[in-house]
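So the sequences go chain by chain: C and X. Be aware that the first sequence starts at 50, since it is given in my numbering, and climbs by one per residue. Be aware that the second sequence starts at 46, since it is given in my numbering, and climbs by one per residue.
There is no bait here: all hints are sound.
Some chain X residues close to chain C (C-beta under 8 Å, calculated; not the full set):
| # | residue |
| --- | --- |
| 1 | Q214 |
| 2 | P242 |
| 3 | V414 |
| 4 | F427 |
| 5 | R431 |
| 6 | K432 |
Lysine-lysine pairs mimicking DSBU-like chemistry, simulated, CA-CA at most 35 Å apart:
| # | chain 1 | residue 1 | chain 2 | residue 2 |
| --- | --- | --- | --- | --- |
| 7 | X | K276 | C | K120 |
| 8 | C | K53 | X | K366 |
| 9 | X | K159 | X | K390 |
| 10 | X | K390 | C | K123 |
| 11 | X | K159 | X | K423 |
| 12 | X | K204 | X | K77 |
| 13 | X | K353 | X | K276 |
| 14 | C | K65 | X | K55 |
| 15 | C | K65 | X | K366 |
| 16 | C | K120 | X | K353 |
| 17 | X | K390 | C | K120 |
| 18 | X | K418 | C | K120 |
| 19 | X | K432 | C | K53 |
| 20 | X | K390 | X | K432 |
| 21 | X | K423 | C | K53 |
| 22 | C | K65 | X | K77 |
| 23 | X | K276 | X | K390 |
Bear in mind the hints are in silico, worked out from the structure with no lab data behind them. Beta carbons: idealized from backbone N, C-alpha and C, even for Gly.
Here are the chains, one letter per residue:
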Amino acid sequence: MEQKVLEIINNIRATKDMAPVASLNGSDNLRDDLGLTSFDLAELTVNIEAEFDVDIFEDGLVNTVGEIYEKLQK
Amino acid sequence: MALFLYNGAKEYSYEMLVDSINQHREYFPLYKTDDLFAYFENLVKAIAAGRPLTLLDSDLSISEIEGLDNGAVNVPVKLDDTTYSSVDALVAAVLDSSSEITIFTSGTTGQPKKVVHSISTLTRAVRVSRGHTDDIWAYAYNPTHMAGLQVFFQAFANKNTLVNVFNLQRNDVYRNIAAHGVTHISATPTFYRLLLPYEQPYLNVRRVTLGGEKSGTQLYDNIRLIFPNAKINNVYASTEAGSLFAAKGDCFQLPTGLRDKFCVVDEELLIHHSLLGRSDSFKLDGEFYHSGDLIEWVDEANGCFRFKSRKNELINVGGYKVNPSEVEEAIDAIDGVRQSLVYGKPNSVLGNIVVAEVLREDGSAVTDVDIRKSLRDKLQDFKIPRKIIFVEEFTLTRTGKIKRL
Chain C
50 MEQKVLEIIN NIRATKDMAP VASLNGSDNL RDDLGLTSFD LAELTVNIEA EFDVDIFEDG
110 LVNTVGEIYE KLQK
Chain X
46 MALFLYNGAK EYSYEMLVDS INQHREYFPL YKTDDLFAYF ENLVKAIAAG RPLTLLDSDL
106 SISEIEGLDN GAVNVPVKLD DTTYSSVDAL VAAVLDSSSE ITIFTSGTTG QPKKVVHSIS
166 TLTRAVRVSR GHTDDIWAYA YNPTHMAGLQ VFFQAFANKN TLVNVFNLQR NDVYRNIAAH
226 GVTHISATPT FYRLLLPYEQ PYLNVRRVTL GGEKSGTQLY DNIRLIFPNA KINNVYASTE
286 AGSLFAAKGD CFQLPTGLRD KFCVVDEELL IHHSLLGRSD SFKLDGEFYH SGDLIEWVDE
346 ANGCFRFKSR KNELINVGGY KVNPSEVEEA IDAIDGVRQS LVYGKPNSVL GNIVVAEVLR
406 EDGSAVTDVD IRKSLRDKLQ DFKIPRKIIF VEEFTLTRTG KIKRL
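From just these sequences and the hints, can you work out the full model?
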């Protein structure tokens with residue numbers, strides 16, 4: 050699951066000409082550390098929903114990679 | 046000293062604005078800038094001097110707009126030597142101006158269309174009174190669009206402070222609201238959605254306005270938690286007509302004095318041309334303009350109604366309107382693409398996101414990254430599909446048209 054999330058995030062970074070990240074930490078902030086804008090976050094939700102059938106933003110904003118993992122483990 | 050604008054770590058007083066305008070007696074009729082103070086200075090200077098101005102997004106590529114001369118962008122034009130003795134004199138000159146301001150609307154076909162507005166249409170909804178003296182506005186809209194102009198004029202006419210929060214991250218928005226004692230926020234539902242989840246209340250905020258998209262009751266409930274002292278209202282404004290009516294909850298009321306300026310045909314709201322800006326692209330039906338907004342009456346006798354949906358196919362992405370035909374045209378022009386179909390998909394962050402289904406030429410290996418990169422030079426970021434699905438065929442409707450979901 051973590052590998053898949055990494056892949057999805059790196060795909061988004063690729064379209065922005067940003068280098069892929071080698072690994073994710075639970076504490077990584079999606080905006081500050083990974084450089085995602087609100088448009089990117091929208092894209093992230095769509096791709097995660099397609100993969101895991103969970104809308105991570107359904108009940109409010111998710112800020113870190115760890116919070117994504119939590120939603121996916123529920 | 047009244048503060049005009051907080052922008053990041055910078056602050057600007059109204060006196061600085063007046064001084065800067067008095068010192069630099071030239072302006073840019075076509076101006077592209079990322080610097081919000083410079084943008085406002087240019088706007089106020091042009092309007093106070095009664096000169097025409099075209100507002101451009103800082104990330105707009107000029108090729109997106111027909112009939113606009115790229116060579117004229119950021120070229121200064123001399124103004125006469127008029128100076129303003131005070132902030133009040135400057136405000137009065139702005140509100141009394143005969144300037145014409147050109148803004149752009151997403152057209153129903155192809156490229157953005159020009160709409161020319163007078164200062165009187167743009168300031169129609171502005172309320173100036175002593176009750177507004179201490180308002181402090183979070184500035185949450187794109188400054189070159191109708192809603193951003195509405196908030197600017199409301200604040201400027203009352204010499205209020207603007208706190209720029211447009212495109213800021215959640216924590217920075219909250220920090221600005223708290224640090225500068227923001228009392229008024231006007232923004233898209235997406236802006237408020239990005240402030241969730243509720244963590245703590247912000248008690249200074251007295252007024253919260255939503256505009257631009259439909260929003261659900263869950264969002265209202267959350268906004269009430271975050272801003273417990275705020276009155277929440279909704280505003281209907283359009284690039285074509287400016288601000289027309291505000292309401293509580295999701296119902297709107299036609300203003301009594303303007304009742305004859307609206308009519309409803311086949312559920313669609315029609316607006317009398319006298320309320321509109323000027324544009325070659327408006328198609329009038331007699332004296333009325335088709336707004337494309339479908340409404341239902343809540344109380345017809347009193348002019349109360351609710352918005353149902355849009356008649357045309359524009360996709361609302363976080364308050365930005367995207368025309369699917371324009372995006373399809375841009376994708377279809379890419380090598381290796383045979384045809385594309387663009388539509389909106391509901392999204393918890395932005396309301397909708399743009400999705401493209403793409404049919405490749407035989408043997409083409411064009412990837413989604415290739416397509417998105419090549420669109421970056423042609424379209425503004427919010428128009429670029431965030432999901433590209435490669436398909437073997439499109440589902441056709443019974444009439445043989447490509448089906449939009």
